[in-house]
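Build out the structure end to end from the sequences listed, making use of the hints.
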Amino acid sequence: MQRKKTATRRKREWFDDAAFWRDFYPYMFPETRFANTPAQIQKVLALTTPGGKTALDLCCGPGRCAIALAQAGFAVTGVDKTRWLLDKARARARAAKVKVAWIEMDMRDFVRPDAYDLALSMFTSFGYFDDKTQDMAVLRNIFASLRPGGVFLIDITGKERIAKVLQPTMAEVLPDGTLLVQRHEIYDDWTRLRNEWILLRNGRAKSYKFHHTLYSGQEMKDRLAQAGFADVQLYGTLDGDAYGPDALRLIAVARKRGTIAAI
Numbered sequence: 004m005q006r007k008k009t010a011t012r013r014k015r016e017w018f019d020d021a022a023f024w025r026d027f028y029p030y031m032f033p034e035t036r037f038a039n040t041p042a043q044i045q046k047v048l049a050l051t052t053p054g055g056k057t058a059l060d061l062c063c064g065p066g067r068c069a070i071a072l073a074q075a076g077f078a079v080t081g082v083d084k085t086r087w088l089l090d091k092a093r094a095r096a097r098a099a100k101v102k103v104a105w106i107e108m109d110m111r112d113f114v115r116p117d118a119y120d121l122a123l124s125m126f127t128s129f130g131y132f133d134d135k136t137q138d139m140a141v142l143r144n145i146f147a148s149l150r151p152g153g154v155f156l157i158d159i160t161g162k163e164r165i166a167k168v169l170q171p172t173m174a175e176v177l178p179d180g181t182l183l184v185q186r187h188e189i190y191d192d193w194t195r196l197r198n199e200w201i202l203l204r205n206g207r208a209k210s211y212k213f214h215h216t217l218y219s220g221q222e223m224k225d226r227l228a229q230a231g232f233a234d235v236q237l238y239g240t241l242d243g244d245a246y247g248p249d250a251l252r253l254i255a256v257a258r259k260r261g262t263i264a265a266i
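This note's numbering puts the sequence shown at residues 4 to 266.
Just to be clear, a hint being listed does not mean it is correct.
No farther apart than 25 Å at their CA atoms in a straight line, the calculated lysine to aspartate or glutamate pairs in the DMTMM-like style are these [as the list claims (entries may be wrong)]:
(1) Lys56 - Asp234
(2) Lys224 - Glu163
(3) Lys84 - Asp19
(4) Lys135 - Glu188
(5) Lys91 - Asp19
(6) Lys46 - Glu199
(7) Lys135 - Asp112
(8) Lys135 - Glu222
(9) Lys167 - Asp90
(10) Lys224 - Asp133
(11) Lys46 - Asp234
(12) Lys224 - Glu199
(13) Lys224 - Asp242
(14) Lys84 - Glu163
(15) Lys84 - Asp133
(16) Lys102 - Asp90
(17) Lys91 - Asp20
(18) Lys91 - Glu107
(19) Lys135 - Asp19
(20) Lys91 - Asp109
(21) Lys14 - Asp112
(22) Lys212 - Asp138
(23) Lys84 - Asp26
(24) Lys167 - Glu199
(25) Lys14 - Glu188
(26) Lys84 - Asp109
(27) Lys212 - Asp20
(28) Lys212 - Asp192
(29) Lys212 - Asp134
(30) Lys212 - Asp191
(31) Lys212 - Asp109
(32) Lys14 - Asp26
(33) Lys167 - Asp244
(34) Lys212 - Asp26
Don't read these hints as lab results, they were simulated from the structure.
Written out as structure tokens, the structure reads:
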């Protein structure tokens, strides 16, 4: 049973703007990304080897991973605070004929003690808050929500990768002809990345600013240990390649000690 929590009243932050997700949805979530997700989830399962079939997809967005997990036989809870994205997720789940428990909630507030065998945080859905210390509260919630022996996988862009490839300004023409201009700035002693994305379409421009906290492999490993996790392993891809300066992603797999009692 979910422990009742009263949602904390907080000031609005950049991710509370539904217009950001609406405007960038076609570029963040093209149909090819959805089509590739079942294969990615099979790689996730190979890396994590969960001991049971209950899963939490935190910041699930339009349900990309949650639906693929449900198709793989998991009982899935998808949590996101953006109603517009959850509506997309519900529609996709209906079309796929799978059941997922969708919950509209801030991940800082969601905790369901000892409920899941597997928890996921995919596609750099972490580190968004103005207060960096709140990331630890999220990791502790995830730890509490896992059953003994449960496993957590987080997938982000690592600080090492950012340091290697970041350019102050980048531009690309998207498939529909829209020009996307990205501006980036490292700040706060190399702990945060400030971004501005500008869409130029049909002679009109839309601009959004957002930021997130950067983590190196060692920093992520340390924070997972502080949250209570054990046996933290780092990878550079979902194929299980080693994490290093050439890694495309920072993927951490962390386990909660203990075994599930026999019923």
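Status of each hint after checking the structure:
1. Lys56 - Asp234: holds (21 Å)
2. Lys224 - Glu163: holds (14 Å)
3. Lys84 - Asp19: Between Lys84 and Asp19 the Cα gap is close to 8 Å, so the pair holds against 25 Å.
4. Lys135 - Glu188: holds (17 Å)
5. Lys91 - Asp19: Judged against 25 Å, a Cα distance of about 17 Å means the pair holds.
6. Lys46 - Glu199: Given pair Lys46, Glu199 is violated - Cα atoms ~32 Å apart, limit 25 Å.
7. Lys135 - Asp112: holds (16 Å)
8. Lys135 - Glu222: holds (13 Å)
9. Lys167 - Asp90: violated (37 Å)
10. Lys224 - Asp133: holds (21 Å)
11. Lys46 - Asp234: holds (19 Å)
12. Lys224 - Glu199: Violated, at about 29 Å.
13. Lys224 - Asp242: Satisfied, since the Cα-Cα distance of roughly 19 Å is no more than 25 Å.
14. Lys84 - Glu163: Given that 25 Å is the threshold and the Cα spacing comes to 29 Å, the pair is violated.
15. Lys84 - Asp133: Satisfied, since the Cα-Cα distance of roughly 16 Å is no more than 25 Å.
16. Lys102 - Asp90: Within the cut-off at roughly 14 Å; holds.
17. Lys91 - Asp20: Holds: Lys91 and Asp20 sit about 16 Å apart, inside 25 Å.
18. Lys91 - Glu107: Distance of about 13 Å is within 25 Å: holds.
19. Lys135 - Asp19: holds (17 Å)
20. Lys91 - Asp109: Distance of about 18 Å is within 25 Å: holds.
21. Lys14 - Asp112: holds (15 Å)
22. Lys212 - Asp138: It holds: about 20 Å lies between the C-alpha atoms, which stays within 25 Å.
23. Lys84 - Asp26: holds (17 Å)
24. Lys167 - Glu199: holds (19 Å)
25. Lys14 - Glu188: Holds, at roughly 24 Å.
26. Lys84 - Asp109: It holds: about 5 Å lies between the C-alpha atoms, which stays within 25 Å.
27. Lys212 - Asp20: Judged against 25 Å, a Cα distance of about 11 Å means the pair holds.
28. Lys212 - Asp192: Holds: Lys212 and Asp192 sit about 19 Å apart, inside 25 Å.
29. Lys212 - Asp134: holds (17 Å)
30. Lys212 - Asp191: Distance of about 16 Å is within 25 Å: holds.
31. Lys212 - Asp109: holds (20 Å)
32. Lys14 - Asp26: With Cα atoms ~23 Å apart, Lys14 and Asp26 stay inside 25 Å; holds.
33. Lys167 - Asp244: Between Lys167 and Asp244 the Cα gap is close to 18 Å, so the pair holds against 25 Å.
34. Lys212 - Asp26: Roughly 13 Å between the alpha carbons, so the hint for Lys212 and Asp26 holds.
In the structure shown, a violation is registered for the earlier hints numbered 6, 9, 12 and 14, in ascending order.
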